[in-house]
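In terms of this note's numbering, the sequence shown is residues 185 to 687.
By construction, these hints were calculated from the structure, which means they are not laboratory data.
From a predicted model like this one, the values you see are computed outputs, not experimental measurements.
Mixed in with the good hints there might be a few duds.
As the list claims (entries may be wrong) - Below, computed lysine-lysine pairings styled on DSSO-like, alpha-carbon distance capped at 27 Å:
(1) K543 with K375
(2) K523 with K543
(3) K592 with K523
(4) K432 with K418
(5) K660 with K418
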Amino acid sequence: MADYFLDARVREGKGARTAVRVGDAAWTYREVQSMANRLSHALRDREIDFEDRVLMLLPDGIEFVATWFGILKSGAVFCMGNPLVTQDDFEYLLGYTRARAVVAHASTLDRLLPALAKHPRCRVRIIVGADAERCERWEGVLAAASDTTDNADTSSDDYAGWLFTSGTSGKPKGAVHFHHDFPFNTECYAKRVLQLREDDVFLSVSRLFFGYATGTNLMFPFAVGGTAVLFPDKPTPERMFAECEKHKVTVLTNVPAMIRQMLDAPVAAQADLSSVRMCLSAGEALPPDLYARWHSIWPKAEILDGIGSAELFHIYITNYPGESRPGMLGRIVPGYEAKVCGPDGDLMPDGEIGRLWVKGDSAALCYFGDHEKSKATLRGDWVVSADLFRRDAEGFFSYAGRADDMLKVRGVFVSPLEVEDCLATHPAVRECAVIGVDDGSGLVIPKAHIVLRETHRASDALASELQNFVRERLAKYKYPRIVAFAESLPRNDRGKILRRELQ
185 MADYFLDARV REGKGARTAV RVGDAAWTYR EVQSMANRLS HALRDREIDF EDRVLMLLPD
245 GIEFVATWFG ILKSGAVFCM GNPLVTQDDF EYLLGYTRAR AVVAHASTLD RLLPALAKHP
305 RCRVRIIVGA DAERCERWEG VLAAASDTTD NADTSSDDYA GWLFTSGTSG KPKGAVHFHH
365 DFPFNTECYA KRVLQLREDD VFLSVSRLFF GYATGTNLMF PFAVGGTAVL FPDKPTPERM
425 FAECEKHKVT VLTNVPAMIR QMLDAPVAAQ ADLSSVRMCL SAGEALPPDL YARWHSIWPK
485 AEILDGIGSA ELFHIYITNY PGESRPGMLG RIVPGYEAKV CGPDGDLMPD GEIGRLWVKG
545 DSAALCYFGD HEKSKATLRG DWVVSADLFR RDAEGFFSYA GRADDMLKVR GVFVSPLEVE
605 DCLATHPAVR ECAVIGVDDG SGLVIPKAHI VLRETHRASD ALASELQNFV RERLAKYKYP
665 RIVAFAESLP RNDRGKILRR ELQ
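Whole structure, please, built from the sequences with the hints as guidance.
Spelled out as structure tokens, the structure:
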């Protein structure tokens, strides 16, 4: 992968082209290669070997890019985590991945160091931007390492990386991928469908630790010799407008929640997106009204809605340039097959709802540490999704919801059980149920139905307190946007909550 995505560009004579921009700073392909070589040397000098997992906890920036390529060059396996999550989440990731090394940003230290104290197996600890006890500083590690190296002798069938997906327990599971999986989708989707070019400039709302953005804002630009624009802080509509205008972005990776925020921003009418030739959308289905509003303001920035998954790395059903249909997720990407099936795996007639089955050569080997889930989802060559779809007679697919209770909030799966378990620890809560509701624009937000203990009374102040309670203990995107108080929760004759009766 390091050779396919990076080294080949230098051999092609593109070493002096700008590969990455962060603000006013820029790095060429040759400079990225040099940094990746140094990181690779540093990992091998510290006895990180083939198939050892390296946990990345980094914001978007040149450090992420150089580290990611350095891991691949060393023969190790990348595992990318969200640097903003809680100490408990870090403990889980360290334990689950059994990482031998971690490369993290200084901003994580208050949560990471206590987590590392419980995981001595992770003995190589490299921190960007700070010195810390029993850790090495990233900048010093690179400065001391050689910038020339031979890549590890990995083949296309060696392990390359894990992409995390949420399970029904709310804890992420690692979909284990080989080296060939990522170039396969790049060739089929990025090059054949999107027809990306070396003069393209890429920008993403989603952060690089998500496979969606790892593809569109790292792998795809490097595969065609383009330029990836990165910034480390939280995306806002104003920031996206500014970055697009400053860097003349041509390919914008987006999600429906941010599309709505950009449309609703006071500065939307004055925003200059004239350079954008395509806006990718994924994570959840794009409501048709958002599509229409976007194209009424920025008609040249065509939205291409699609669907992908950690199990298949990236997009496998998409609208094609010039062929977008509002409310539809498009057609199958070349190199993939898809079918809509009933509960027994029987093919459903066109127009009928069923589970989506997908086949392609970027499918994961397994979920690490979850044999039963692997068997249920990865059936031979087919990946059996929990997504419900329809297919029309022309081969266009439309989304019809989830087959389970998982919520998809801002493109990320959220387990209602995880949020309920958190709320249940608050002294005011007797019982609760979390469901997904429409926020008025076709996107899903979590809503908590709360039954209070007799010692507490419902109020707006208590609702805010409960929201903050969750935000302080879980990743911030998981908190309930709406809190409703109830006398009781509807249950069936076996005592289970009837979620379908909650609104």
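Taking the hints in turn, this is what the structure says about them:
1. K543 with K375: Holds, at about 19 Å.
2. K523 with K543: holds (9 Å)
3. K592 with K523: Within the cut-off at roughly 22 Å; holds.
4. K432 with K418: holds (20 Å)
5. K660 with K418: Since the Cα atoms of K660 and K418 sit roughly 12 Å apart, the hinted pair holds (cutoff 27 Å).
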